[in-house]
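**Q** For reference, the chains in residue letters:
There are 2 protein chains.
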Amino acid sequence: MMNLTVCSRWHMFAKLSRPFTSVYNFSTMLSKQVLEEKIKEQGDLIRKLKSAKESKEKITEEVTKLLELKSQLVGEDDEICGNQKFTLKTPKGTRDFAPDQMALRLNVVDKIVSVFKKHGAVTIDTPVFELKEVLTGKYGEDSKLIYDLKDQGGEILSLRYDLTVPFARYLAMNKITNIKRYHIAKVYRRDNPSITKGRYREFYQCDFDIAGAYDPMIPDAECVKIVYEILSTLNMTPFVIKLNHRKLLDGILEVCGVPLDSIRATCSAIDKLDKSPWEEVRKEMIEEKNLSSESADKIGEYVRLNGKMDLVDKLMADEVLNKNKNALEGLEAMQVLLKYCELYDTSDKIIFDLSLARGLDYYTGVIYEAVLQKDELAKDEISVGSVAGGGRYDSLVGMFDPKNKQVPCVGVSIGVERLFAIMEAKQASSNIKQRTTEIEIYVATAQKNLFEERMKLCNELWNYGFKVEHSYKKNPKLLAQLQHCEDNGIPFALILGESEIKNGIVKLRDVTSRQELEIKRTNLVEEIRNRLQNIQLNGSK
Amino acid sequence: MMNLTVCSRWHMFAKLSRPFTSVYNFSTMLSKQVLEEKIKEQGDLIRKLKSAKESKEKITEEVTKLLELKSQLVGEDDEICGNQKFTLKTPKGTRDFAPDQMALRLNVVDKIVSVFKKHGAVTIDTPVFELKEVLTGKYGEDSKLIYDLKDQGGEILSLRYDLTVPFARYLAMNKITNIKRYHIAKVYRRDNPSITKGRYREFYQCDFDIAGAYDPMIPDAECVKIVYEILSTLNMTPFVIKLNHRKLLDGILEVCGVPLDSIRATCSAIDKLDKSPWEEVRKEMIEEKNLSSESADKIGEYVRLNGKMDLVDKLMADEVLNKNKNALEGLEAMQVLLKYCELYDTSDKIIFDLSLARGLDYYTGVIYEAVLQKDELAKDEISVGSVAGGGRYDSLVGMFDPKNKQVPCVGVSIGVERLFAIMEAKQASSNIKQRTTEIEIYVATAQKNLFEERMKLCNELWNYGFKVEHSYKKNPKLLAQLQHCEDNGIPFALILGESEIKNGIVKLRDVTSRQELEIKRTNLVEEIRNRLQNIQLNGSK
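If you read the protein sequences in the order shown, they are chains A and B.
For reference, each letter of the first sequence is one residue, going 1 to 541 in UniProt numbering.
For reference, each letter of the second sequence is one residue, going 1 to 541 in UniProt numbering.
Since the hints were derived computationally from the structure, they do not count as laboratory data.
All C-beta atoms in this analysis are idealised placements derived from N, C-alpha and C, irrespective of residue type, glycine included.
As a list, the in silico DSS-like pairs of lysine-lysine whose alpha-carbon atoms are at most 30 Å apart:
hint	chain 1	residue 1	chain 2	residue 2
1	A	K89	B	K117
2	A	K339	B	K448
3	B	K349	B	K298
4	B	K473	A	K339
5	B	K502	B	K448
6	A	K473	B	K349
7	A	K308	B	K448
8	A	K433	A	K117
9	B	K433	B	K186
10	B	K467	A	K467
11	A	K314	A	K339
12	B	K89	A	K186
Now the in silico label distances, taken between C-beta atoms and shown as ranges:
hint	chain 1	residue 1	chain 2	residue 2	range
13	B	A428	A	N235	40 to 50 Å
14	B	Q447	A	S194	48 to 58 Å
15	A	P402	B	I432	34 to 44 Å
16	A	S194	B	K374	50 to 60 Å
17	A	G153	B	I59	22 to 32 Å
18	B	K197	A	G504	49 to 59 Å
19	A	L260	B	K197	50 to 60 Å
20	B	I432	A	M309	45 to 55 Å
21	B	E518	A	P402	45 to 55 Å
22	B	T522	A	T512	39 to 49 Å
23	A	D487	B	T522	45 to 55 Å
Given only the sequences and the hints, what does the whole structure look like? Please build it.
**A** Take a look at the structure:
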């Protein structure tokens with residue numbers, strides 16, 4: 001039985017026979033050669049049997065043996081590791097994150113979380129897997145991308161596919177009717193990974209949602225504000241936030257004569273307007289969605305419109321549209337939302353865009369999407385495209401409630417993997433090295449046999465709360481120690497030599513300027529504290 | 001195909017047919033009744049067939065039909081959710097974390113990470129699952145506790161069981177020979193969950209390790225320092241850190257005449273000395289491990305010893321022990337380590353304890369374990385026991401290296417789940433409510449129809465970087481707004497009324513003291529900033 005989490009890693013090898021070394025011999029490598037030899041022989045045998053036109057059974061039998069032999073052999077890419085044979089790799093579509101990647105990611109996440117916190121969001125966590133039935137029927141044909149766990153007895157489980165379904169399950173299970181929460185966690189999809197497109201099987205999602213029955217558009221406008229603040233704080237400029245409303249879109253399609261059962265298909269055609277010209281979308285509507293050319297043309301007049309409050313006014317004055325209940329409700333809602341966006345200072349980035357249509361079946365109200373635009377100064381294509389999206393979904397939590405009790409929700413999903421990729425690209429082109437630690441001071445020694453003095457000084461500084469390191473070698477070369485500081489962006493080195501110790505002083509080296517000065521040991525803590533404060537003040541400018 | 005991560009949650013319901021409501025009817029409930037009826041009928045039929053002594057095949061056929069019907073029926077505990085039927089629960093041995101639990105956990109993790117950062121640790125991340133073969137042969141008989149993923153075509157995968165094997169795989173794969181890293185992440189074990197003992201199937205591990213070939217005991221002493229700092233910063237007092245050395249233990253057993261192949265079994269008996277009296281352990285050694293009573297008695301004289309440097313000196317002077325190579329090497333190492341512990345100011349909590357034996361096969365050098373001791377003031381049993389452990393393991397990374405190239409490592413695992421549980425218990429008994437947000441200011445309105453003024457003020461404060469919220473209702477009651485502040489520990493409320501707006505002032509309410517004063521709108525930002533600074537200064541004392 002497991003002894004809790006504590007120290008359990010420390011006995012995980014306890015059951016291996018000792019001594020260790022006897023296990024790690026090269027017997028497997030030899031057996032690989034032997035196997036290859038055997039496979040060759042077996043192949044020769046089969047060829048011989050075939051040319052001799054032996055019975056099918058006989059040949060099948062020998063082919064089976066060949067396959068067995070081959071299955072024992074590891075692939076060409078595989079390395080023989082210790083007493084085992086396997087490829088040293090992470091699973092398909094996944095990756096490790098090295099210290100510099102983690103530092104950048106944590107930095108981005110910190111900035112995003114600080115925006116969520118400014119708006120009073122709490123955070124929750126849910127298990128990485130759910131009962132399979134919780135996910136069943138939620139993702140349409142994408143369900144095939146769900147990772148299932150092996151049935152090892154007990155419950156049938158699947159890895160979470162997103163954070164929204166677990167959130168809805170959490171709300172319904174705990175009968176929570178009001179919450180403003182963020183959740184940043186990994187989700188899993190057995191998609192065809194495309195590393196170049198940044199599509200992985202394990203990736204982070206970053207969701208912010210406001211659940212609760214409130215007055216119209218107040219939480220919705222705050223979600224837009226949050227997207228605005230996040231993209232601004234990450235310097236993701238220029239960007240726009242496109243807004244639209246599901247009911248307005250429904251109403252438009254209704255007045256254009258689209259049959260109820262074609263509305264969804266028509267929306268998916270409209271959704272392509274950000275990439276395709278109107279003529280192509282029109283053609284698709286007529287040829288594939290079976291709309292009349294009159295309907296398509298009418299739709300075209302609407303969905304190519306975008307603007308701000310002026311567009312709301314214009315559509316309000318539209319004699320056809322303002323008689324449609326859905327359209328009118330949508331327009332009134334947009335009027336309120338745009339007004340609130342003015343109050344929340346987000347108007348300058350907002351476009352009321354009638355072509356925004358995505359995920360329409362899921363939404364029950366406002367929908368929005370933040371898009372990075374081409375920066376004339378930056379030439380890289382990576383910094384263009386959708387980086388956040390969201391909307392109102394008032395009917396989801398009810399799916400989990402025994403009495404179908406609804407909890408209205410509005411939320412936003414920040415495309416963090418996309419943002420990480422952009423930040424990584426910016427970092428790479430800036431030639432500024434990402435620091436992976438926060439070490440402020442490196443304690444170095446100039447002569448041999450001073451390591452105890454070094455340890456004492458480190459200890460003193462640690463006890464004062466400074467971030468300090470030193471060499472784990474007793475007598476490292478001074479040059480190597482200073483090089484370590486430069487390589488790792490450590491701002492200060494303290495150098496101890498015999499004469500310094502005798503005279504009660506320490507040499508302080510500014511690693512960037514390479515200037516050195518002597519400081520009294522008694523003043524050391526204060527001197528360092530002041531210098532670090534100066535760096536912080538200058539650095540945060 | 002998936003459209004990256006961005007906004008993908010927003011179209012996940014796109015494939016459901018609309019309108020939503022038509023899907024969530026009670027058809028399933030009806031069909032449950034129908035099913036139950038059919039099951040009853042089928043049961044009757046089978047009973048009839050059996051009493052009529054029908055053929056076995058015929059009966060089996062009908063029983064199969066019955067089982068199929070039953071499998072369609074949900075259990076008694078299950079609830080019918082929307083259009084689906086399933087129990088609203090998390091998988092066995094897992095749990096959600098509510099906002100107050102998350103706030104406490106993040107707080108503890110922050111404090112631990114700040115200690116790691118003080119010592120210059122980087123962080124990495126690895127996928128939640130590994131190729132199954134990476135984990136194979138690493139956990140002995142505990143391998144049965146590994147979660148496997150279903151074979152859905154492609155690679156055979158398992159959820160990680162700890163963070164150490166992925167770390168070793170990462171080092172070997174990337175040919176890293178020097179790193180000081182921490183990793184805090186969830187691991188998975190299909191263990192029998194015991195909620196009362198805090199044993200879960202999904203839980204956090206928190207590892208810190210120093211990999212690299214360095215001079216003896218310098219990194220080892222720093223690991224001890226880190227445990228010391230973490231337990232101190234979390235006020236986990238009183239605690240001790242027990243130290244021992246694998247080679248010394250080997251040497252002691254050798255000189256006591258334990259045969260080589262009984263050393264491991266003897267160690268596991270010694271390991272029980274922290275819970276059982278010597279007499280019981282002695283009995284086990286003789287009766288179960290087949291040691292002679294002379295051997296057992298000799299061992300007993302050693303392993304019941306503990307002390308500090310004095311014990312090293314005493315054992316060094318032991319004429320039997322100081323002739324054993326292993327024992328001497330272990331003692332010399334302990335001498336160095338204890339010296340370094342003095343330099344690093346950790347001596348006051350350290351015990352050189354010869355009964356510490358755990359995980360011996362895995363270690364190649366120093367081993368240690370931090371134990372919380374009974375606090376006479378606190379009566380709860382939860383705050384007693386092992387909360388961290390570690391040691392040196394120089395042979396692990398080589399298991400993953402094709403050429404068996406070793407990377408010496410020393411590390412520590414902080415028992416964070418145990419620490420979380422202790423902090424939660426402390427919190428519960430303190431009656432101080434855990435804040436789940438960091439909101440500093442709540443903007444309230446005293447009369448109706450002032451919500452636009454409220455939004456403007458919120459916006460202004462957000463733009464200055466303050467953490468602010470307000471009601472999502474247009475015209476909430478003032479009392480409800482102030483109650484929200486008290487319930488959520490928000491320090492300040494700003495109250496807007498018609499007269500205040502007219503006079504260019506805002507009423508500032510100190511939520512704790514309930515004192516109110518009027519502030520000029522033009523001075524507002526500065527006034528708030530000062531007050532918040534004062535709170536912080538007093539709070540952090």
